[in-house]
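J.: Chains as they are written, first to last, in my numbering: chain L, 183 to 488; chain H, 130 to 312.
It should be emphasised that the hints constitute simulated quantities derived from the structure, not laboratory data. It cannot be assumed that every hint is accurate.
[To be verified] No farther apart than 27 Å at their CA atoms in a straight line, the calculated lysine-lysine pairs in the DSSO-like style are these:
1. L:268 - L:283
2. H:158 - L:226
3. H:210 - L:250
4. H:210 - L:186
5. L:268 - L:250
6. L:250 - L:487
7. L:340 - L:386
8. L:221 - H:210
9. H:226 - L:487
10. L:221 - H:226
11. H:226 - L:220
12. H:210 - L:283
Just so we're clear, the structure is a prediction, and the values are computed from it rather than from any experiment.
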Amino acid sequence: MSLKINHLLGLQNIAQSDIQLILDTAVTFREVLERPIKKVPTLKGTTVVNLFYENSTRTRLSFELAEKRLSADMLNFSTSTSSTKKGETFRDTVRNIEAMKIDMIVVRHKSAGVPLYLTRISNASIINAGDGQHEHPTQALLDMYSIREKLGKLKGLKICIVGDIRHSRVALSNIYGLKTMGAEVSVCAPPTMIPRNLETFGVKVYTDIHKATRENDVLNVLRIQLERNAGSSIPSLREYHNYFGITSDVIEKNNKDILILHPGPINRGVEMSSEVADGPYQIILDQVTNGVAIRMAVLYLLGTKN
Amino acid sequence: MIIKAKIIDETGLQRTITRLAHEILERNKGSENIVLVGVRTRGEFLARRILKKIVEIDGNEPNLGILDATLYRDDFRTRLKQPQVSVTDITFDITDKDVILIDDVLYTGRTTRAALDALMDLGRPRTIQFCVLIDRGHREMPIKADFIGKNIPTSLNEEIKVKMKEIDDEDAVFLVEINNERG
Numbered sequence: 183m184s185l186k187i188n189h190l191l192g193l194q195n196i197a198q199s200d201i202q203l204i205l206d207t208a209v210t211f212r213e214v215l216e217r218p219i220k221k222v223p224t225l226k227g228t229t230v231v232n233l234f235y236e237n238s239t240r241t242r243l244s245f246e247l248a249e250k251r252l253s254a255d256m257l258n259f260s261t262s263t264s265s266t267k268k269g270e271t272f273r274d275t276v277r278n279i280e281a282m283k284i285d286m287i288v289v290r291h292k293s294a295g296v297p298l299y300l301t302r303i304s305n306a307s308i309i310n311a312g313d314g315q316h317e318h319p320t321q322a323l324l325d326m327y328s329i330r331e332k333l334g335k336l337k338g339l340k341i342c343i344v345g346d347i348r349h350s351r352v353a354l355s356n357i358y359g360l361k362t363m364g365a366e367v368s369v370c371a372p373p374t375m376i377p378r379n380l381e382t383f384g385v386k387v388y389t390d391i392h393k394a395t396r397e398n399d400v401l402n403v404l405r406i407q408l409e410r411n412a413g414s415s416i417p418s419l420r421e422y423h424n425y426f427g428i429t430s431d432v433i434e435k436n437n438k439d440i441l442i443l444h445p446g447p448i449n450r451g452v453e454m455s456s457e458v459a460d461g462p463y464q465i466i467l468d469q470v471t472n473g474v475a476i477r478m479a480v481l482y483l484l485g486t487k488n
Numbered sequence: 130m131i132i133k134a135k136i137i138d139e140t141g142l143q144r145t146i147t148r149l150a151h152e153i154l155e156r157n158k159g160s161e162n163i164v165l166v167g168v169r170t171r172g173e174f175l176a177r178r179i180l181k182k183i184v185e186i187d188g189n190e191p192n193l194g195i196l197d198a199t200l201y202r203d204d205f206r207t208r209l210k211q212p213q214v215s216v217t218d219i220t221f222d223i224t225d226k227d228v229i230l231i232d233d234v235l236y237t238g239r240t241t242r243a244a245l246d247a248l249m250d251l252g253r254p255r256t257i258q259f260c261v262l263i264d265r266g267h268r269e270m271p272i273k274a275d276f277i278g279k280n281i282p283t284s285l286n287e288e289i290k291v292k293m294k295e296i297d298d299e300d301a302v303f304l305v306e307i308n309n310e311r312g
């Protein structure tokens, strides 16, 4: 069994069998993370470059750890300390890095489509760690893994993504991935945060958080991204919290079996109250642990493919 | 693939497993400090059967774990097909234990090398002893088994097929001929 894809650019055009293989392989690496020596020699001699053109804590640390735990050699590149500041083009930067004989590139960029562009100018295997408002496939994969770990399946589950759907790459990757795996996907947000014609994707739209909580098995709560100008879609953060924030009250009134996910970082008191963020319904820190296992699985499956 | 001979039948396999269990207990003076670790896939079933026998003989039940050594292999770059990885399931501490590593066939020794490296990452055992059902020769690594079900000298275009009821339809060991050198 090996992946059909050679790069992980997104979950839009990826086979169900590929998603299944990544999720199943991650179970193996989840076990490795529980060992006293959390390292295997599998990617010894493989060089991975983390090309981060946008700020990141979780995703970047998670990829770095995944690479180290597979014994890959890793290089970090960030714009603040690089020649990009001296005016070098993106293409030249990549060509130069590749001339140093590297095998894989993990890329995050503020512009959608950069990972795809990379596959055209480079021979390395490309992993998208978030491109603009397009996709963030490893985040969606770890969300799917975490849901499957807790609830035992994905097929037939009702999963609602709450928050700024329009600006969110996490939402788009989740919609593609979950639909491929047979889940029923819906979104819940103020109408200004929902892209037009989203129903054509086969996604149900809620504008009432109480109803969404009642009718779903899982809420995947997204961060309100002020850096992506989310403020122009809502009157105030306080008003957003009052109408769409997940509080103990919302959960206990509507559905005590609900499972709450959040990709982090959390804006406490905006998309969810502190009580919920630390409470019994959420699996936010499990998601972080599973993220390392998912990224190890992706790196392993792409890095050992002939 | 042509079957050349049936080397062990169902009764023979039972007898061999009984003898291996006795040898393991004899060498270790009982089962107090031993743990069994089967190498996926057939090593797992072999380990379960040896464990059952040990419980019958000794009354005590040692821990049983399953090891997947795929991540430690040395042939990722040369193989055409990507190997399937499975989960290692060893929930107990192997430090200071006498680990009985169990596999079905010993051939080049490369899988055993990978399994040894995988075990060392889980703790520091007092000893690791290696038990195989069939030793077919042609070693490429300095590795030797402590407990051997049967030595079967083979040529390179032959292969040993171990069948176990848990996943196959019968209990038997066959010597088969294959066309390519390293099927």
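J.: Next, verify each hint and record whether it holds.
T.: Hints versus structure:
Restraint check for residue 268 of chain L and residue 283 of chain L: the C-alpha separation of about 23 Å stays at or below 27 Å, so the hint holds. At most 27 Å may separate the alpha-carbon atoms for a hinted pair to count; residue 158 of chain H and residue 226 of chain L exceed this at roughly 41 Å. Among the hinted pairs, residue 210 of chain H with residue 250 of chain L is consistent with the structure: their alpha-carbon atoms are about 24 Å apart, no more than 27 Å. With a CA separation close to 13 Å, the supplied pair residue 210 of chain H and residue 186 of chain L stays within the 27 Å bound.
Pair hint residue 268 of chain L plus residue 250 of chain L does not hold up; C-alpha atoms about 30 Å apart against a cutoff of 27 Å. Taking the CA atoms of residue 250 of chain L and residue 487 of chain L, the gap is near 19 Å; set against the 27 Å cutoff, the hint holds. Of the pairs offered as hints, the one joining residue 340 of chain L and residue 386 of chain L holds, with about 10 Å between alpha carbons and a cut-off of 27 Å not exceeded. Only pairs whose Cα atoms come within 27 Å are accepted, and residue 221 of chain L paired with residue 210 of chain H is accepted, the gap being roughly 23 Å.
With a C-alpha separation of about 37 Å, the suggested pairing of residue 226 of chain H with residue 487 of chain L is violated against the 27 Å cut-off. At most 27 Å may separate the alpha-carbon atoms for a hinted pair to count; residue 221 of chain L and residue 226 of chain H meet this at roughly 22 Å. Between residue 226 of chain H and residue 220 of chain L the CA atoms are separated by roughly 21 Å; this keeps the pair inside 27 Å, and the hint holds. Proximity of residue 210 of chain H to residue 283 of chain L is assessed by CA-CA distance (about 24 Å); at most 27 Å being required, the pair is judged to hold.
In summary, the numbered hints that this structure violates are 2, 5 and 9.
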